[in-house]
Amino acid sequence: MAKFARKGKGGTPTLSTASLPDIVFMLLFFFMVTTVMREVDLKISVKLPQATEIKKLEKKSLVSYIYVGAPIKAFQKVYGTEPRLQLNDELSKISDVGAYISAEREKMDERDIPFMTTSIKADMEVKMGIISEIKQELKKASALKINYSTRKGL
Amino acid sequence: MARPVQEINAGSMADIAFLLLIFFLVTTTMDVDSGITRKLSAIPPENQPKPPDVKERNVYIVLINQHNQLAVEGELMAVNKLCDGVKEFINNPNDDPNLSEKKDEAIDVPFLGMMELSKGVVSLQNDKGTSYYKYIEIQNELVRAFNELRDELSMRKFGMLYKDLDDPKQKAVKKVYPMTISEAEPRNVGGKK
Numbered sequence: 001m002a003k004f005a006r007k008g009k010g011g012t013p014t015l016s017t018a019s020l021p022d023i024v025f026m027l028l029f030f031f032m033v034t035t036v037m038r039e040v041d042l043k044i045s046v047k048l049p050q051a052t053e054i055k056k057l058e059k060k061s062l063v064s065y066i067y068v069g070a071p072i073k074a075f076q077k078v079y080g081t082e083p084r085l086q087l088n089d090e091l092s093k094i095s096d097v098g099a100y101i102s103a104e105r106e107k108m109d110e111r112d113i114p115f116m117t118t119s120i121k122a123d124m125e126v127k128m129g130i131i132s133e134i135k136q137e138l139k140k141a142s143a144l145k146i147n148y149s150t151r152k153g154l
Numbered sequence: 155m156a157r158p159v160q161e162i163n164a165g166s167m168a169d170i171a172f173l174l175l176i177f178f179l180v181t182t183t184m185d186v187d188s189g190i191t192r193k194l195s196a197i198p199p200e201n202q203p204k205p206p207d208v209k210e211r212n213v214y215i216v217l218i219n220q221h222n223q224l225a226v227e228g229e230l231m232a233v234n235k236l237c238d239g240v241k242e243f244i245n246n247p248n249d250d251p252n253l254s255e256k257k258d259e260a261i262d263v264p265f266l267g268m269m270e271l272s273k274g275v276v277s278l279q280n281d282k283g284t285s286y287y288k289y290i291e292i293q294n295e296l297v298r299a300f301n302e303l304r305d306e307l308s309m310r311k312f313g314m315l316y317k318d319l320d321d322p323k324q325k326a327v328k329k330v331y332p333m334t335i336s337e338a339e340p341r342n343v344g345g346k347k
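So the protein sequences, as listed, match chains S and G. So for the first sequence, the working numbering puts the first residue at 1; every next one is plus one. So for the second sequence, the working numbering puts the first residue at 155; every next one is plus one.
Just so you know, these hints were derived from the structure itself, not from any lab. From the three backbone atoms N, C-alpha and C, an ideal C-beta is built for every residue, glycine too. It is possible that part of the hints are untrue.
[As the list claims (entries may be wrong)] Heads up, incomplete: computed chain G residues facing chain S, CB under 8 angstroms, no partners named:
| no. | residue |
| --- | --- |
| 1 | Ile-190 |
| 2 | Ile-261 |
| 3 | Val-263 |
| 4 | Val-297 |
| 5 | Arg-298 |
[To be verified] Result set (EDC-like, lysine to aspartate or glutamate): computed pairs, CA atoms no more than 20 angstroms apart in a straight line:
| no. | chain 1 | residue 1 | chain 2 | residue 2 |
| --- | --- | --- | --- | --- |
| 6 | G | Lys-193 | S | Glu-90 |
| 7 | G | Lys-193 | S | Asp-22 |
| 8 | G | Lys-235 | S | Glu-53 |
| 9 | S | Lys-93 | S | Glu-110 |
| 10 | G | Lys-328 | S | Asp-112 |
| 11 | G | Lys-241 | G | Glu-302 |
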């Protein structure tokens, strides 16, 4: 008369995995939305200095980056070990900064130009000589808002 | 009897989604760009008359040499004393004749009433051989000094930290303590390196 066949002897019931895809999809969408693809391949090594009084850069589209540091191992044969600067994907000379800034400006919306910020991502070991020259170039290009990129903490 | 529509086996859906998830996990960069924001001074046009000289007592001279040593007003100083030094210089609570002067007349600042503003300017000069991390450390200390001054004032007047104030109040506090850090052209004392 027992209509319900007893399965086994109280073994743990299998966990339903039907909702697993949903959970995973949720995570997936989160990462898809938050992700920012790497825009540049760094040819130089940059280890940022630390600071405490930092501000977040609000709008990424308003920021152009200047990387400064010694070339990484693979490029040391070609470029040596002296600190160089990188704009977009190329190692550049300091005199190229002006052209880079005006190219970045061109890409921007007219209204946003006054809010344009230049973020200097320099390796902590570089000397101030090269940084000062970059700053001088930025002044000439009248890109006056700058940001020294740093890590948090000290 | 019509055959029931066969269900698609969704068991591997999770695997596909996981694969995508891992791809995005790997490519994602979570770092938020942050740093010390500064404003460079514009190059003055050539035919512009020279700005009036600032009195020596109103300039707080901060020098960093090529050995990353810090000198303030001609004397060596430890980095951790710089912040307090700047604050004392700007505030000048005891009217020390060596520290910064107050502006001749008090200014009426909204929300804060009559305030005596300082004429003090911090002048930062570095050598070409100065290391970048040292420069950032000093910049950080200077910015910290001004942030603490602002925090102290807003704590006293509004009972809140500067960053929690609303916009017009922030502006008022900013007016009392503008970030007056000027950067001189670097010198090349240390020779070519």
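Between G/Lys-241 and G/Glu-302, is the straight-line Cα distance small enough, at 20 angstroms or below?
Roughly 8 angstroms separates the two Cα atoms, so the pair holds.
Within 20 angstroms, alpha carbon to alpha carbon, are G/Lys-193 and S/Glu-90?
Violated, at roughly 26 angstroms.
Is the hinted pair G/Lys-193 and S/Asp-22 satisfied, with a Cα-Cα distance of at most 20 angstroms?
Distance of about 48 angstroms is beyond 20 angstroms: violated.
Is the Cα-Cα distance between G/Lys-235 and S/Glu-53 20 angstroms or less?
16 angstroms, holds
Assess, step by step, whether the Cα of G/Lys-328 is no farther than 20 angstroms from the Cα of S/Asp-112, and give holds or violated.
Distance ~24 angstroms between G/Lys-328 and S/Asp-112 Cα, so the pair is violated.
Using 8 angstroms as the Cβ threshold, decide whether G/Ile-261 counts as touching chain S.
For G/Ile-261, the interface hint is violated, since the closest Cβ of chain S sits about 26 angstroms away, which is over 8 angstroms.
Can you verify the interface hint for G/Arg-298: is its Cβ closer than 8 angstroms to any Cβ in chain S?
5 angstroms, holds
Restraint outcome when G/Val-297 is required to lie within 8 angstroms of chain S by C-beta distance
4 angstroms, holds
Given pair status - S/Glu-110, S/Lys-93, alpha carbons within 20 angstroms
28 angstroms, violated
Taking the least C-beta to C-beta distance, is G/Ile-190 closer than 8 angstroms to chain S?
5 angstroms, holds
Hinted contact G/Val-263 with chain S - closest CB pair below 8 angstroms:
Since the shortest Cβ distance to chain S is 24 angstroms, the answer is violated.
When held up to the earlier numbered hints, the structure conflicts with 2, 3, 6, 7, 9, 10 and fits the remainder.
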